[in-house]
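Line by line, the protein sequences are chains V and B. Everything in the first sequence is counted per our numbering, starting at 1 for the first residue and increasing by one. Everything in the second sequence is counted per our numbering, starting at 1 for the first residue and increasing by one.
Source of the hints: derived by calculation from the structure; they are not laboratory data. Just to be clear, a hint being listed does not mean it is correct.
As the list claims (entries may be wrong) - Each pair of labels, with its calculated beta carbon distance range: (1) V:Ile172 x B:Lys90: 45 to 51 Å; (2) V:Arg38 x B:Leu14: 22 to 28 Å; (3) B:Ala78 x V:Arg38: 31 to 37 Å; (4) B:Asp62 x V:Leu177: 30 to 36 Å; (5) V:Asp207 x B:Ile74: 25 to 31 Å; (6) V:Ala10 x B:Lys90: 39 to 45 Å; (7) V:Ala184 x B:Leu14: 27 to 33 Å; (8) V:Arg134 x B:Leu58: 45 to 51 Å; (9) V:Ala33 x B:Phe5: 17 to 23 Å; (10) V:Pro59 x B:Ala78: 29 to 35 Å; (11) B:Pro47 x V:Gly169: 22 to 28 Å; (12) B:Leu58 x V:Arg32: 36 to 42 Å; (13) B:Tyr21 x V:Pro62: 18 to 24 Å.
Unchecked claim - Chain V side only, calculated, beta carbon under 7 Å to chain B, not exhaustive: (14) Asp5; (15) Leu7; (16) Ala10; (17) Leu12; (18) Ala40; (19) Pro41; (20) Leu45; (21) Val53; (22) Asn57; (23) Pro59; (24) Ser65; (25) Leu103; (26) Ile164; (27) Leu182; (28) His183; (29) Arg205.
We put the beta carbon where it would ideally sit given N, CA and C, even for glycine.
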Amino acid sequence: MHMSDGLLNAPLSVALLVIAAVGVGIALVRARADLDDRTAPMAGLVATFIFAVQMINFPILPGASGHLLGGALAAILVGPYVGALCVTIVLVVQALLFADGGLTALGANVTNMALIGTAAGFLVAVALRKLAERGKGGLAAVAFVSAFVNTLLAATGFVVEYAIGGAGGVEIGKVALLMWGLHALIGIGEGLITAVTVTSVASIRPDLVHLLRGNAKPLEVRS
Amino acid sequence: MKKFFIGFALVSLLIAGVLSYFASGDPDGLDKTVEDTGIAEHAQEHPFAGSTFADYALGGDDKFTGLAGVLGVIVVLAVSFGLFWFLRKKSDA
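Input sequences plus hints: build the corresponding full structure.
Structure (structure tokens):
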């Protein structure tokens, strides 16, 4: 879902760079609370894993493919702020080292995949936390749904951006229909990858799954 | 604890270094959308399109995709581990 340069006009690209910078700035400040000697290495490995899996485009239709975005996966494993930073690092390395995703488009790409995707995945996962705590099947279902929504909303980010300042003046309904149709299929792949990854981590090291640590603290006060 | 982290890193290396050869070469959902609607005509070439590792290859030769993948894994791990280790709350005492 990496946009090239030139698909959005210059003022919108600049505005999205500012939005991305503010979002990443907030994430940098808030991430500290979720990072310690144990979770910091985990966060580095989550970013690395997302980079690796993003290389694997899977077929969805003849002539079309999709790849993991990783927002929900990161949010469930390391929390929304650290998760947004994980996806951002991946996008920056891809743009600078592998010419994947434009430079003026970096604001849009970070906004869609790192900010919108991660936030959407996290909010869905938190809303369904009770189900996730019920065991492996529940956690897999929550991971799948969070990831599916993260894919669709990241795609919606592009649709909205194209409507505001897209190049070429293509009818927005046509763009929306293609984006949503294709990303509903990609979202299934994103959901499966996220469910397998999250349940694998949870079965070996449940303490490293941010979503399952959630609200443990208040109960410990009772003696 | 160490075993889990090493295993996780090895899985990423394997995916980027080996599994990457089996990835679909078809356009992804966004690329397909902009190609089918003609929006792609407005896309500009990437400023670094001619760089050594552009498009996960080595000098344009995608026989080396696995190598580019391994390099990417190392760079992402170094950058992210460095940032997160720097940001972490140091344990008191």
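Those earlier numbered hints the structure runs against, lowest number first:
Hints 3, 16, 17 and 26 not satisfied by this model.
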